[in-house]
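**Q** Here's the letter readout for the chains.
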Amino acid sequence: MRLNAILVLGLVLVAPLPATAVTVTTPQGSGEVFARADLFDLVALLRLTGASVQFAPAAGSYSVTLGEHEVQFTPGGSLAVMDGRLTPLPGPVRLLEGHVVGSLATAATLLAPLGWTLHGSLAAPELAKVGQAEQLDVAVVRGTTGSTVIVRGTKQKPLVTATQGGVTLEFAAAVELTHPVPAEAELLGGELHQNILTLRLASGIELAGSYSLDDPPRFVLRLARAAPAAPLLTPRGGPLVILDPGHGGEDQGAKGPGNELEKDITLAVARATAARLQAAGLATRLTREGDETVPLTDRTALANRLQATVFISIHANSSAAKGAKGAETYYMSADASDPQAAQAAAQENAGAPKDTVQLILWDLAHVANLNNSARLAREIQEKLNALQSTRDRGIRQAPFYVLTGATMPAALVEVGFLSNPDEAGRLLARDTQDQIAAALAGAISDFIRNPTPEPTAAVTPSP
Amino acid sequence: MRTARSYLAVLLVAVGLAVVVFLARRRGPIPPPTTITGTAAPTPIPGQLVLFFPGDDSFLHRETREVPEIPAGNAARVRLVVEELAAGSREGHAAALPWAAAVGAVFVDREGNAYVDLSPPPPDAIEGTDTELAVAFATTNSVVANCPGIERLQLLFGGQQVATLGHLDFSRPLAPKLDLVAP
Numbered sequence: 001m002r003l004n005a006i007l008v009l010g011l012v013l014v015a016p017l018p019a020t021a022v023t024v025t026t027p028q029g030s031g032e033v034f035a036r037a038d039l040f041d042l043v044a045l046l047r048l049t050g051a052s053v054q055f056a057p058a059a060g061s062y063s064v065t066l067g068e069h070e071v072q073f074t075p076g077g078s079l080a081v082m083d084g085r086l087t088p089l090p091g092p093v094r095l096l097e098g099h100v101v102g103s104l105a106t107a108a109t110l111l112a113p114l115g116w117t118l119h120g121s122l123a124a125p126e127l128a129k130v131g132q133a134e135q136l137d138v139a140v141v142r143g144t145t146g147s148t149v150i151v152r153g154t155k156q157k158p159l160v161t162a163t164q165g166g167v168t169l170e171f172a173a174a175v176e177l178t179h180p181v182p183a184e185a186e187l188l189g190g191e192l193h194q195n196i197l198t199l200r201l202a203s204g205i206e207l208a209g210s211y212s213l214d215d216p217p218r219f220v221l222r223l224a225r226a227a228p229a230a231p232l233l234t235p236r237g238g239p240l241v242i243l244d245p246g247h248g249g250e251d252q253g254a255k256g257p258g259n260e261l262e263k264d265i266t267l268a269v270a271r272a273t274a275a276r277l278q279a280a281g282l283a284t285r286l287t288r289e290g291d292e293t294v295p296l297t298d299r300t301a302l303a304n305r306l307q308a309t310v311f312i313s314i315h316a317n318s319s320a321a322k323g324a325k326g327a328e329t330y331y332m333s334a335d336a337s338d339p340q341a342a343q344a345a346a347q348e349n350a351g352a353p354k355d356t357v358q359l360i361l362w363d364l365a366h367v368a369n370l371n372n373s374a375r376l377a378r379e380i381q382e383k384l385n386a387l388q389s390t391r392d393r394g395i396r397q398a399p400f401y402v403l404t405g406a407t408m409p410a411a412l413v414e415v416g417f418l419s420n421p422d423e424a425g426r427l428l429a430r431d432t433q434d435q436i437a438a439a440l441a442g443a444i445s446d447f448i449r450n451p452t453p454e455p456t457a458a459v460t461p462s463p
Numbered sequence: 001m002r003t004a005r006s007y008l009a010v011l012l013v014a015v016g017l018a019v020v021v022f023l024a025r026r027r028g029p030i031p032p033p034t035t036i037t038g039t040a041a042p043t044p045i046p047g048q049l050v051l052f053f054p055g056d057d058s059f060l061h062r063e064t065r066e067v068p069e070i071p072a073g074n075a076a077r078v079r080l081v082v083e084e085l086a087a088g089s090r091e092g093h094a095a096a097l098p099w100a101a102a103v104g105a106v107f108v109d110r111e112g113n114a115y116v117d118l119s120p121p122p123p124d125a126i127e128g129t130d131t132e133l134a135v136a137f138a139t140t141n142s143v144v145a146n147c148p149g150i151e152r153l154q155l156l157f158g159g160q161q162v163a164t165l166g167h168l169d170f171s172r173p174l175a176p177k178l179d180l181v182a183p
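Protein chains in written order, with the working numbering: chain A, 1 to 463; chain B, 1 to 183.
So here's chain A without its partners, still in its complex pose (with noise of 0.2 angstroms):
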């Protein structure tokens, strides 16, 4: 009796289980979608559209598109290119029986862009195509000293109310996003509650002021880093110079073959160029005083706030062309450099004739900044070269991470490499670190008081 009881039970059990399905709700009926818990069929939600979904299996990612809107994704991915919009989704795209899943939030990311919203509960999911409410499409530009995030598309001016790690904006009527808060730096993400968008901030940074603009129609926050506990001195009539010593703190940056670190070699260079500098009457500056870590951003950030002359990055090289070795100086990219400032004086300026003026000069103001640093980076890679030991490897552009946003001449100089056992050893070398310092110290004087413009003062951008 037991054996059988046993055989009918497990008969029940080991029957499949059913798959469920949910219908979900469309302008045009409805169709059934695979869905288990809280993940649906990406794919067959996506094609409740209309949208055509293809699958690259060489490219291992999705391109679905829908008119003149492509959004590309992957299985496994927390990712997705968004009319060429890179986009952080809200959860993951999985692979479960068969079926590409994803939650409710990462289908209505994808749908945005497609035109379509996703609404409705988990067991009845309702997809509408976008409405008649406002369509805001949120951008974030990288400024010299804080974000700027920029909601065009709407004529309304929010009710804006910080909050504990973020910003409200409160529209007075229903809004659309055309696309996911973009995360950045500063701005780490957002999510829209009907006419509620709320932008999540990162630590230490807070709203700076917000104005709408028209033509287009705009709304305008400017994010800033919260202000120091002591508040910085601007140096009143002189020159400042800001030196960086690179890495610091849990940022190691490269170890030579008997671990020197990098980042004592570049503090140590750094005290002595000071030293140099400061004895020979130029205000001098470090981004950092002693082992701690300083993000990029805060190192470029202190010069421009302190309206810095110029801004030179120390570094050591490493390279896995184990023979490279010699000094190299780096300034940045035009193409590099240009568009996240041009990008954010153009959209905040877009549309009155003044603001054409305001790009005019801005980009001569820029071109000059970009020559000058061209110059002080031969400056220092020719005083670098006259020391005996050190080869020469000339000056080049690239987008540096650390150098976007100087509003002053900057350069990233490479003193030499860690990589290289005889190189390292020398770097290590009080003698030779002094060497170092007189040559920079000396470069920095006579680019400061030697402020001649170079009649070729054109700057071929890097190709």
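In case anyone wonders, no lab produced these hints; they're calculated from the structure.
One should not assume that every hint holds.
[As the list claims (entries may be wrong)] Cβ-Cβ distance ranges computed for the label pairs, FRET-style: (1) A/120 / B/87: 45 to 55 angstroms; (2) B/66 / A/291: 49 to 59 angstroms; (3) B/66 / A/126: 33 to 43 angstroms; (4) A/215 / B/111: 41 to 51 angstroms; (5) B/178 / A/238: 34 to 44 angstroms; (6) A/161 / B/87: 49 to 59 angstroms; (7) A/386 / B/59: 51 to 61 angstroms.
Each residue gets a CB set at the ideal place from its N, CA and C atoms; glycine is no exception.
Place chain B on chain A using the hints.
**A** Just chain B now, with coordinates in the frame of chain A:
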């Protein structure tokens, strides 16, 4: 009598479970699994790739490599180029990607941007500007050189958008830098 009661109890349990299964199935028909529609299989075209690897002189050096098949689609071609680059130089140059980099997803958009997701480098794999320049521009230069229509490349690491690996700005697609290529 006791046996009959036992059979009845088992029968009741079985009927109960069957009812549960029946009701669950009424929630909706089982949708067919998502059909994965593949793009047309590319025609094998044997050919050459031009790859860039770092040298001792801090320049990137061209290396031509025969491959049995160059895929027709750009996404597949981008993957091939980066995988060949990750496999290392055959002419003695240093590694462009100095860790066992695996290529994850590849995206190619209509703006001429390619996005390649690489397995993240271990903490000490990328040290120094030159190493980072090689990662960024050996990859970008190689992809742009071999994939018509691709103008910029953004590297992702471990499925994440990364602002920097310590020096360079990786937060957006990079254009190739031909001034880094050895004359």
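**Q** Next, verify each hint and record whether it holds.
**A** Going down the list of hints, with the structure as the test:
Residue 120 of chain A and residue 87 of chain B have their C-beta atoms about 49 angstroms apart, which keeps the hinted 45 to 55 angstroms range intact. In this structure the supplied range 49 to 59 angstroms holds for residue 66 of chain B paired with residue 291 of chain A, their Cβ-Cβ distance being about 50 angstroms. Between residue 66 of chain B and residue 126 of chain A the beta carbon distance is about 55 angstroms. The supplied range of 33 to 43 angstroms is therefore violated. Checked against the hint of 41 to 51 angstroms, the C-beta distance between residue 215 of chain A and residue 111 of chain B comes to roughly 26 angstroms, which is inconsistent with it.
Checking the proposed 34 to 44 angstroms range against residue 178 of chain B and residue 238 of chain A shows it holds: the Cβ atoms sit about 41 angstroms from each other. For the hinted restraint 49 to 59 angstroms between residue 161 of chain A and residue 87 of chain B, the CB-CB distance of approximately 54 angstroms keeps it satisfied. Checking the proposed 51 to 61 angstroms range against residue 386 of chain A and residue 59 of chain B shows it is violated: the Cβ atoms sit about 23 angstroms from each other.
Hint check: violations occur at hints 3, 4, 7; the rest are consistent with the structure.
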